[in-house]
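**Student:** Chain order of the listed sequences is A and B. When you line the first sequence up against the working numbering, it's residues 1 to 109, in that order. When you line the second sequence up against the working numbering, it's residues 1 to 160, in that order.
Derived from the structure by calculation, the hints contain no laboratory data. Here the structure is a predicted model, which is why all the values come from computation and not from measurement. All C-beta atoms, glycine included, are put in the ideal place defined by N, C-alpha and C. Don't take each hint at face value.
What the hints assert, rightly or not - Straight-line Cα separation of at most 35 Å, DSBU-like style, residue types lysine-lysine; simulated pairs:
(1) LYS35/A with LYS47/B
(2) LYS99/A with LYS47/B
(3) LYS58/A with LYS101/B
(4) LYS101/A with LYS47/B
(5) LYS37/B with LYS101/A
(6) LYS46/A with LYS35/A
(7) LYS37/B with LYS105/A
(8) LYS105/A with LYS101/B
Claimed, not checked - Among the chain B residues that face chain A by a calculated CB cut under 7 Å, a handful are:
(9) LEU12
(10) LEU14
(11) ARG16
(12) VAL18
(13) VAL36
(14) LYS37
(15) TRP38
(16) PRO41
Claimed, not checked - Restraint-style ranges between C-beta atoms, simulated for each label pair:
(17) VAL42/A with GLU67/B: 19 to 25 Å
(18) LEU79/A with ARG85/B: 22 to 28 Å
(19) THR57/A with SER48/B: 33 to 39 Å
(20) SER56/A with GLN69/B: 20 to 26 Å
(21) SER107/A with LYS101/B: 27 to 33 Å
(22) GLN23/A with GLU111/B: 40 to 46 Å
(23) PRO43/B with PRO33/A: 16 to 22 Å
(24) ASP7/B with VAL42/A: 42 to 48 Å
(25) ASP52/B with ALA102/A: 27 to 33 Å
(26) PRO66/B with SER28/A: 22 to 28 Å
(27) GLY108/A with GLY95/B: 21 to 27 Å
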Amino acid sequence: MDDVFRALADPTRRRVVEALCQQPASVSELAAPFKMALSSFVEHLKVLEGCGLVSSTKTGRVRTYRLAPGRLREAEDWLGQQRRIWEQRLDQLDAYLMKLKAAQKESGT
Amino acid sequence: MSAFEIDPKLDLRLERVVDVEPALVWACWTQPEHIVKWFTPSPWRTKSVEIDLRPGGRFNSVMLSPEGQEFPNLGCLLEVVPQRRLVFTDTLLEGFRPSGKPFFSAVVEIEPEGAGATRYIATAIHGSEESRQQHEAMGFHNGWGAALDQLVALARTLSA
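So here's chain A without its partners, still in its complex pose (with noise of 0.2 Å):
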């Protein structure tokens, strides 16, 4: 897995998965946000792509990106990743309820 942590370890490339986490997207739709020549974008996507972690295909000119989730599940399974939703969203309940109750007990109810 050291390849994908490498890849994610910059910010750019960070940005680029997250993007591709919402929908597949072109090179320049991807590119858009970044102020870089295109040529060093471009190899950005390229070690993304040399590690798996998202995948293109090439339709005419246009080249999509993709998520290619099968990396990122190697290193979280699923019902792991399930688990630590509903344990932050019962950390969030316990710690709401508890607001309530201080506030409750100021109010004197």
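Starting from the structure of chain A, add chain B where the hints point.
**Tutor:** Positioned in the frame of chain A, the structure of chain B alone reads:
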């Protein structure tokens, strides 16, 4: 103790004891103004919740990504026993209409624990491997991104 068995390969069960009255725990699980405050794991937020507190009643929410993108979640309530038990699902919509994207059912069991405290058990029940994979693809698409966040955090520590 929960009233039913789970499949440890598919399901999750979380149990908590919290130092508040059961009525408050029930209110937080069933009233939109409370649900919006805690339901969605941060940095995502709950934009709105609609709940019609009866079997077959809607349980719909809209989640908001950190970038402000909205993701609706539609579901329905299956069982409502005040201060004891709430069961809801996204496998059915309002009025028990079958959903196009079935993923989970959740059971919340609440009971008093000693003086003034509450034990609650939240169980998330998931479908087969196929529906899991379908949701997995969808999950990345709708950007829960929990796996990614964790990887990103790990990557940051590695690069530091």
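**Student:** Now tell me if each hint is right for this structure.
**Tutor:** So, going through the hints one by one against the coordinates:
At most 35 Å may separate the alpha-carbon atoms for a hinted pair to count; LYS35/A and LYS47/B meet this at roughly 32 Å. Between the alpha carbons of LYS99/A and LYS47/B the distance comes to roughly 20 Å, so the proposed pair stays at or under 35 Å and holds. Proximity of LYS58/A to LYS101/B is assessed by CA-CA distance (about 30 Å); at most 35 Å being required, the pair is judged to hold. As the CA atoms of LYS101/A and LYS47/B are separated by approximately 24 Å, the hinted pair is consistent with the 35 Å bound.
Taking the CA atoms of LYS37/B and LYS101/A, the gap is about 15 Å. The hint holds against a cut of 35 Å. For the given pair, LYS46/A sits about 18 Å from LYS35/A by alpha-carbon distance, which is consistent with the 35 Å threshold. The suggested pairing of LYS37/B with LYS105/A holds, with an alpha-carbon distance near 20 Å, which does not exceed 35 Å. Proximity of LYS105/A to LYS101/B is assessed by CA-CA distance (about 43 Å); at most 35 Å being required, the pair is judged violated.
For LEU12/B, the suggested interface contact is upheld, since its CB lies about 6 Å from the closest CB of chain A, less than 7 Å. Look at LEU14/B: its Cβ gets to within about 6 Å of chain A, closer than 7 Å, so that hint holds up. Checking ARG16/B against chain A by beta carbon gives a least distance of about 6 Å; that is within 7 Å, so the hint holds. Residue-level restraint check for VAL18/B holds (minimum Cβ-Cβ distance to chain A is 5 Å; threshold 7 Å).
Hint status for VAL36/B relative to chain A: violated, with the closest Cβ pair at about 10 Å, above 7 Å. Among the interface hints, the one on LYS37/B holds; its C-beta lies about 5 Å from the nearest C-beta in chain A, closer than the 7 Å criterion. At its closest, the beta carbon of TRP38/B sits 4 Å from a beta carbon of chain A; the interface hint therefore holds under the 7 Å criterion. Checking PRO41/B against chain A: minimum C-beta separation of about 4 Å stays under 7 Å; hint holds.
For the pair VAL42/A and GLU67/B, the supplied restraint of 19 to 25 Å holds, since their beta-carbon distance comes to about 24 Å. Range check, LEU79/A to ARG85/B: about 24 Å between beta-carbon atoms, so the 22 to 28 Å window is met. The hint said 33 to 39 Å for the Cβ distance between THR57/A and SER48/B, and at roughly 37 Å that hint holds. With their beta carbons about 23 Å apart, SER56/A and GLN69/B fall inside the hinted range of 20 to 26 Å.
With their beta carbons about 42 Å apart, SER107/A and LYS101/B fall outside the hinted range of 27 to 33 Å. Range check, GLN23/A to GLU111/B: Cβ separation about 43 Å, and the 40 to 46 Å hint holds. Between PRO43/B and PRO33/A the beta carbons are some 19 Å apart, a value that agrees with the proposed interval 16 to 22 Å. The given range of 42 to 48 Å is respected by ASP7/B and VAL42/A, whose C-beta atoms sit roughly 46 Å from each other.
Between ASP52/B and ALA102/A the beta carbons are some 30 Å apart, a value that agrees with the proposed interval 27 to 33 Å. The supplied range of 22 to 28 Å is met by PRO66/B and SER28/A, whose beta-carbon atoms lie about 24 Å from each other. Taken as a hint, the range 21 to 27 Å is violated for the pair GLY108/A and GLY95/B, whose Cβ atoms sit roughly 43 Å apart.
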